[in-house]
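Q: Use these hints to put chain B onto chain A, whose structure you have.
Taken in order, these protein sequences are the chains called A and B. Residue numbers for the first sequence follow this note's numbering, beginning at 1 and rising by one. Residue numbers for the second sequence follow this note's numbering, beginning at 1 and rising by one.
Be a bit skeptical, because a hint or two may be false.
[What the hints assert, rightly or not] One-sided and incomplete, this derived list gives chain A residues near chain B with beta-carbon spacing under 8 Å:
no. : residue
1   : Thr-44
2   : Pro-71
3   : Leu-127
4   : Phe-164
5   : Ser-283
6   : Arg-293
7   : Thr-294
8   : Gln-295
9   : Pro-299
10  : Pro-307
11  : Glu-326
Treat the hints as calculated values from the structure; they're not laboratory data. No residue lacks a Cβ here, since even glycine has one placed at the ideal position from N, Cα and C.
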Amino acid sequence: MKTHTFVLIGLVAALAVPGLAQNGPGPAAAPLPAVETPPRAFATAEEHYRFLLQQANGGTRHTLETIPQWPGLWTSGRNSMVDLFLDGGRGAGLGPGGKVRPGVLTPAYEAHFSKRREEVEKNGEQLFDRLANCEYPGVPRWLWEPYVKEFVNLPEQSWMLNDFMNEGRRVYIGKEHVNFEAKHSSTGDSIGFWQGDELVIWTKWVNPADYTRGMPLTSNQFEMVERWRQVENAEGRRQLITQVTFYDPIGLVAPQSAVYVHNHAPELEEAGVRVRNWECTTSTNTYKDAEGRTQSRLPGEPGYKDPRGSTEFADLPGQSLDPILEAQAAE
Amino acid sequence: MYDKMLANLLTAAVGLGWMTGASAHHSFTMFDKTRTQLIEGTVAEWQYNSPHIWLYIDAPDAKGELVRWGVEGGAPLMVIRQGVRGDSFRLGEHVRIVMTPMRDGRPAGAVCFVVKDDGQTLMPNDGSCSPNGVLKKWQDNGWLQNGKHGDEHPYE
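With the rest of the complex left out, here is chain A (with noise of 0.2 Å):
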């Protein structure tokens, strides 16, 4: 490698890392598309989503030949879903800054963000966070996560593909919702529906979990309406922006709306990126130790886990998990 590749480095590093640890936006970051709140108040998501429904006279009927395609690998950008519970708070969220906005979230849920915001002030971020325990980001967190992420739109179903403990969400396109299991999961059931180029989907049955790191807590009626689509941006990048309000009966006072963006990555596919499959228990070595801090197993510690696999086998021939690198030593 040259030279001038690491000055490059060493630019991105100055400008690419201090946006990574405080959360914030980049130097360079494309403005945020402005939040389209709903055309008029809905108490519920389902009272919204059926609106919708209605206004686009049941939804397009797209088929293999005409549905909007979004290929290409993708990872999380901006949003404004911070600045819903942080008075300027952007810039923050996962860090210390910004006060919690009062009145948005009920007396419970303002409570435990409120405490969550101390330890996040002194602490510097919060001490411990649920994924370090291999619990799925899930809806509405999914919307944020980073990592590469891909998206699959077929006219009976729409997937949304993220190499982040492989959490895919499947969108039924033209359908009810379905509950067989009577139950809640990370990523609850979606249904759909395209108008033009646009998707509309209603989430529901949702595990508790929450916005993000450091952000506040979602319930387990919380449900979500969100709008997609792709557009270009003045440079010519592909974006998807989501539209998205979350109801939240026990968690917010009132919905509240927020946009996200996705950015194309061609930078990723041209450097050969492949989404692989990874699973979090089997490869993690995180934990929360008995003063709520995060912890990390190191090797030969009880209970460490080889992220690369393990092998009951190691003394044949042929069963070492690591067999590139070793050859590449050996010569």
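A: Just chain B now, kept in the frame of chain A:
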């Protein structure tokens, strides 16, 4: 070709503010972000795995006995944007690492940057360290050039 690809990666990373959505899968409170520490040794394991890469090196302690040190960084699909790939380190190669150490004193930390013997500096870090500022500080003060295994300096 490779440089063009990397330049595209880096330009896109900056232009899109891609990092704004980034959130590692765990909190970084296990690391002491007030300190930076130099460790050096030979690569024992290079785990280019989700959700965090880990680089392990073997380094002799004061008694000359080998201790395995580990440093954690970002996810593969994030650090590849910083030019770090699954074959960026070879088992047995000598490296120097500056990290923010674990609070509890175990031989591990969060990687800031790695310097290879050929002079390459790689930054497979996650949100626990802003490596460019740390690198500059270590270079400007001569800590990197004259440092030895175990040296510590303030992060800020």
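Q: If a hint holds in the structure, say so; if it does not, say that too.
A: Against the structure, the hints come out as follows:
1. Thr-44: violated, 29 Å
2. Pro-71: Since the shortest Cβ distance to chain B is 17 Å, the answer is violated.
3. Leu-127: holds, 5 Å
4. Phe-164: holds, 7 Å
5. Ser-283: holds, 6 Å
6. Arg-293: For A/Arg-293, the interface hint holds, since the closest Cβ of chain B sits about 5 Å away, which is under 8 Å.
7. Thr-294: With Cβ-Cβ at 4 Å, under 8 Å, it holds.
8. Gln-295: holds, 5 Å
9. Pro-299: holds, 6 Å
10. Pro-307: Holds: closest Cβ of chain B sits about 4 Å from A/Pro-307, inside 8 Å.
11. Glu-326: Holds, about 7 Å.
Violated hints, listed in ascending order, are 1, 2; each of the other numbered hints is respected by the structure.
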